[in-house]
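2 protein chains.
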Amino acid sequence: MITKMADLPTPALIVDAQALTDNIATMAAALPGDRLRPHVKAHKCTSLARLQEQAGHRNFTCATIRECEGMVAAGLGHDLLLGNEVLDARRIGALVAAGARVSVAVDSPQTIEAAAAGGVREVLIDVNVGLPRCGCQPADAGPLAELARQQGLEVRGVMGYEGHVVGLEDGGERERQCRTSMELLVAAHADVGGELVSAGGTGTYACNTWASEIQAGSYALMDVAYGRLGLPFRQAVFVLATVVSSAPEWSVADAGLKTMGMDHGNPEIEGETVWFCSDEHTTFSPPMAVGEKVRLVPGHVDPTMAYHERLYLCSGADVVDVWPVDLRGW
Amino acid sequence: MITKMADLPTPALIVDAQALTDNIATMAAALPGDRLRPHVKAHKCTSLARLQEQAGHRNFTCATIRECEGMVAAGLGHDLLLGNEVLDARRIGALVAAGARVSVAVDSPQTIEAAAAGGVREVLIDVNVGLPRCGCQPADAGPLAELARQQGLEVRGVMGYEGHVVGLEDGGERERQCRTSMELLVAAHADVGGELVSAGGTGTYACNTWASEIQAGSYALMDVAYGRLGLPFRQAVFVLATVVSSAPEWSVADAGLKTMGMDHGNPEIEGETVWFCSDEHTTFSPPMAVGEKVRLVPGHVDPTMAYHERLYLCSGADVVDVWPVDLRGW
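Chains D and G are the protein sequences, given in the same order. Heads up: the first sequence at position 106 corresponds to 106 in the numbering used here, and the numbers run straight through without jumps. Heads up: the second sequence at position 32 corresponds to 32 in the numbering used here, and the numbers run straight through without jumps.
Be aware that one or more of the hints could be misleading.
To give an idea of the chain D side of the interface with chain G (calculated C-beta under 7 Å), a few residues [as the list claims (entries may be wrong)]:
1. Thr3
2. Lys41
3. Ser285
4. Pro287
5. Gly291
6. Asp302
7. Ala306
8. Val325
9. Gly329
Read the hints as simulated data drawn from the structure, not as lab findings. Note that the structure is predicted; figures quoted are calculated from it, not measured. Beta carbons: idealized from backbone N, C-alpha and C, even for Gly.
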């Protein structure tokens, strides 16, 4: 058992236990209990989800069937929402038949049909609120709810993700666009009925006062992109790397493209300028001595987690626990 | 056992068996036997490496210790090169002690010391040939070789990766810059000695006539970036996805940032325009019907493979084999 961070083989995904604890506490104070439905897609780790549950959040959002299965297996299946469309719902039906509560997002006759055929009992109508992705047109929400009820499904309400808004760096603009999106969702909810209006993310958790529950996930671990928004959460996840090569003008750390999601741009290293990442390396300056350790802050947390089998929970220089990133895959 | 591609749960990593076979045969004809030292970092799959071995290539390049361990475990440890610097070589030393042949790249006194201390017996001097990454300055290669020999290590030659050249779309420019890089490497080799001059990649496999062996890997599966170079290899790997949502102006497939490396940009879908990828989705147009399948061509193959537990080898509409992507992790 490795107990010192400096002894970890690199690259290694490390989580600052205190920052994680603080982030979870800050969110639980702002959105207590069922006001938050933490999204597990941002960390893919049932051990971390358990901390969120201990902070009072019993209900979770999942993005994949595998995440639902893993959460149920970990005893965290009290009330799961698969906030995503699926055309083969049989594995969800199996979870429901075994006693878990799993609701599924639907946005079309085909996904309603798939839910009913697969043994799902409860759905939310997914409404498009401005992001060009999933969700029905708002005017179709009521008729789809009716169709779902005709198929014997319980309609618990609506969901609508303002994903085009959560990352806006201008806080005022984020609030304005959040309002525009949520007015669409609230109107659709009036047509649909049910108790849930599920929406939001880490960027809008404070200003989205229309949703009955917020689906934030990234707040627990954070990343470069969310770090720019001035939110009261601090960076908790890093990729630990070793400087394996050093030149007069740069150094090279042994963590690259297979350790971090790159769609939000390069990682950051405190006090250093990152030049570029390649498959196994990150080049940066000013140079450091070969053998030194660096901590990279990933640009985007979700696709970073999906690369790692495990995370090392650290307190100062100590490794205090090892958690499997057990919700990966499909 | 799923035998039809259409029945695979999506997202799924699929490989066109014929394209793979053709790519391997084309490369083996151009660089037969030991002229190619295939790089396994591009596919991370021992079943695929075995096809390369059957095509005549007995020696392989690895990027991580885990890749070396996996190749040895699969009986493919005849002559492995860890083409990367490490500061803890004990796991490599254990492979060597157990009878595998694993040489390691070194570019500094520290990495030489680590190799000797870890039980490595053979090294290559890694020389920087223009890419700001690993490799010593060319003038330091001779003295480092001497240092390695003083430490009891066998120096098999040099390696130098022209990674800044392999992706240049202008073929003439690629050849010119390859020559510039390789002249540095050949000069360093004169100072170092040994039988190996190891270099090159898929983009320079044909024009790099200075190296004694080429480390190409991407040619087997290919990606969007390499597809632009006019090489005689065709796209063999795809992410299969299902259209889960459709709007009047776009559709959404269920494969996103956690299925594909994004550092080379968006994936491509034949006949469609990709708008953007998010964690679990790709939005594209013109729209398709919900339930249709699409094949995404990843922008960059290496970090794509690292996301998937397995690949499905397909022939037409049939799944003919399932291969674990067994060299992932560290």
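Verification of the hints:
1. A hinted interface residue such as Thr3 (chain D) counts as satisfied when its beta carbon comes closer than 7 Å to some beta carbon of chain G; here the least separation is about 17 Å, so the hint is violated.
2. For the restraint placing Lys41 (chain D) at the interface with chain G, the shortest Cβ-Cβ distance is roughly 6 Å, inside the 7 Å limit, so the hint holds.
3. Checking Ser285 (chain D) against chain G: minimum C-beta separation of about 9 Å lies over 7 Å; hint violated.
4. Interface restraint check: Pro287 (chain D) against chain G, minimum CB-CB distance 11 Å, threshold 7 Å, status violated.
5. Below 7 Å, beta-carbon pairs count as interface contacts, and Gly291 (chain D) has one with chain G at about 6 Å; its hint therefore holds.
6. Hint on Asp302 (chain D) holds. Least Cβ distance to chain G is approximately 5 Å, under the 7 Å limit.
7. Below 7 Å, beta-carbon pairs count as interface contacts, and Ala306 (chain D) has one with chain G at about 4 Å; its hint therefore holds.
8. Taken as an interface hint, Val325 (chain D) does not check out: its beta carbon lies about 11 Å from the nearest beta carbon of chain G, beyond 7 Å.
9. Interface hint status for Gly329 (chain D): upheld, as the beta-carbon distance to the closest one in chain G is roughly 6 Å, under 7 Å.
Checked against the numbered hints given earlier, the structure breaks hints 1, 3, 4, 8 and satisfies all the rest.
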